[in-house]
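Following the hints, complete the assembly by docking chain A onto the known chain Y.
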Amino acid sequence: MTPRRIAKVARAQGICAIALADHNAALNVQAMMEAGKREDLVVFPAMEVTSKEEVHLLVLFGELEPLLAWQEILWQHLPGENRPDYFGEQLIVDAQDQVLGTTSRFLLGAAQLSTDEVVARVQALGGLVIPAHIDRPSFSLLGQLGFIPPSLPIGAVELSPKGKGDLVPPNYICIRSSDAHYLTQLGPGSELVAAELNWQELSLALKGKEGRRMEIK
Amino acid sequence: MNLKTVVEKLGLKVFTTCPLKREATGGYSGDLLSDVMAHSREGAVWVTTQNHPNVVAVGLLTGASAIILTGDQTPDHATLERANLEGVPLFGTSKSGFQVTGELWELGLRP
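Residue numbers (the working numbering), protein chains in the order written: chain Y, 1 to 217; chain A, 1 to 111.
If we strip away everything but chain Y, and leave its shape as in the complex, we get:
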């Protein structure tokens, strides 16, 4: 999955916006945003963070800068070195899909930050946190903790492509994403019902405010 290819495949499917959420890294987001611009695809800067409890959390921003600020915080709390022989190479690419290098940080590992701490720090930077694939038994908030802590200040949760929201309490907004790890998995997940396609409108929809909403099938 490289920026140009992702952008072309997404547009070919009629997708208007994506969020690029690599595990614990924002290293390819700028390239993806550039590639997206060329194809008229909106790209929201994002990341899939693994908390200390091994819960996957989608972290979304309206601009690249605060995501990069979050990256700096995360780097201080992400131990370990990658083992390419077991987990593969972690590539850094540019907007032309050229490989620039690799990172040796252990992106598949868990940050030494609790779910609470991730939420607090990301929100302090103006970002949104959405617990990822909450219907899955592994690496999900429900899978790891068994419940959504009522005091956790989040409003939306993500379902996996074929996941059901039966176990999600009704006061949470559900979104669906492809969680694509391969090009063939790319596909539309949720529809944004709002005045415009931008961060302000997306934020409102993810909070169910002012009539903006996310619709899933």
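No lab work stands behind these hints, which were simulated from the structure alone. Among these hints, one or two may not hold up.
As the list claims (entries may be wrong) - Listed next, the in silico SDA-like pairs over lysine to any residue satisfying Cα-Cα at most 20 Å (straight line):
| # | chain 1 | residue 1 | chain 2 | residue 2 |
| --- | --- | --- | --- | --- |
| 1 | A | LYS4 | A | LEU109 |
| 2 | Y | LYS217 | Y | PRO170 |
| 3 | Y | LYS162 | A | LYS4 |
| 4 | Y | LYS52 | A | THR49 |
| 5 | Y | LYS52 | A | MET37 |
| 6 | Y | LYS52 | A | ASN54 |
| 7 | Y | LYS52 | A | ASN51 |
Unchecked claim - With beta-carbon atoms standing in for the labels, derived distance ranges:
| # | chain 1 | residue 1 | chain 2 | residue 2 | range |
| --- | --- | --- | --- | --- | --- |
| 8 | A | SER96 | Y | GLU201 | 44 to 50 Å |
| 9 | Y | TYR182 | A | PRO19 | 30 to 36 Å |
| 10 | Y | PRO79 | A | ARG41 | 15 to 21 Å |
| 11 | A | ASP35 | Y | PHE147 | 19 to 25 Å |
| 12 | Y | GLY101 | A | CYS18 | 34 to 40 Å |
| 13 | Y | ASP40 | A | SER96 | 51 to 57 Å |
| 14 | Y | GLY101 | A | SER94 | 46 to 52 Å |
| 15 | Y | LEU64 | A | LEU107 | 54 to 60 Å |
| 16 | Y | ARG38 | A | ASP35 | 42 to 48 Å |
| 17 | A | LYS21 | Y | ASP85 | 20 to 26 Å |
| 18 | Y | TYR86 | A | ASP76 | 19 to 25 Å |
| 19 | A | ASN2 | Y | GLY155 | 52 to 58 Å |
Here the structure is a predicted model, which is why all the values come from computation and not from measurement. For every residue, glycine included, the Cβ atom is placed at its ideal position computed from N, Cα and C.
Using the frame of chain Y, we list chain A on its own:
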């Protein structure tokens, strides 16, 4: 201790078809992959409720002699395939992690 002995004494189900060649030289019990990667030792029989292909990768990385899936779980197709491919024996039990770990301890396995 031979893995066949562990299987017999604990009454474990054997999911994989790869040979049980290795010796169990210790044990580890854990469900946080980051914790297991940091602390489980070579030759350990790893007791866990985690049931997905990454479990095999972690078992390989830590040099586990075998993995015991607790709570009557069956590995999914992708996990089983990976385990067979990599030669990591996957066993199952309906007992809890607590009970299985206790029984492994009784057999004489130590961290």
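Comparing the hints with the structure gives:
1. A/LYS4 <-> A/LEU109: Holds, at about 14 Å.
2. Y/LYS217 <-> Y/PRO170: Cα-Cα ~16 Å, so holds.
3. Y/LYS162 <-> A/LYS4: 39 Å, violated
4. Y/LYS52 <-> A/THR49: 18 Å, holds
5. Y/LYS52 <-> A/MET37: 14 Å, holds
6. Y/LYS52 <-> A/ASN54: 17 Å, holds
7. Y/LYS52 <-> A/ASN51: 19 Å, holds
8. A/SER96 <-> Y/GLU201: 44 to 50 Å: Given range 44 to 50 Å: holds, Cβ gap about 49 Å.
9. Y/TYR182 <-> A/PRO19: 30 to 36 Å: 32 Å, holds
10. Y/PRO79 <-> A/ARG41: 15 to 21 Å: Given a distance of about 19 Å, which is inside 15 to 21 Å, the answer is holds.
11. A/ASP35 <-> Y/PHE147: 19 to 25 Å: 21 Å, holds
12. Y/GLY101 <-> A/CYS18: 34 to 40 Å: For Y/GLY101 and A/CYS18 the Cβ distance comes to about 37 Å; the hint holds.
13. Y/ASP40 <-> A/SER96: 51 to 57 Å: 54 Å, holds
14. Y/GLY101 <-> A/SER94: 46 to 52 Å: Given about 48 Å between the Cβ atoms, the range holds.
15. Y/LEU64 <-> A/LEU107: 54 to 60 Å: 55 Å, holds
16. Y/ARG38 <-> A/ASP35: 42 to 48 Å: 44 Å, holds
17. A/LYS21 <-> Y/ASP85: 20 to 26 Å: Roughly 22 Å apart at Cβ, these two residues keep to the hinted range, so it holds.
18. Y/TYR86 <-> A/ASP76: 19 to 25 Å: Because 20 Å falls inside the window, the suggested range holds.
19. A/ASN2 <-> Y/GLY155: 52 to 58 Å: With a Cβ separation near 54 Å, A/ASN2 and Y/GLY155 satisfy 52 to 58 Å, so the hint holds.
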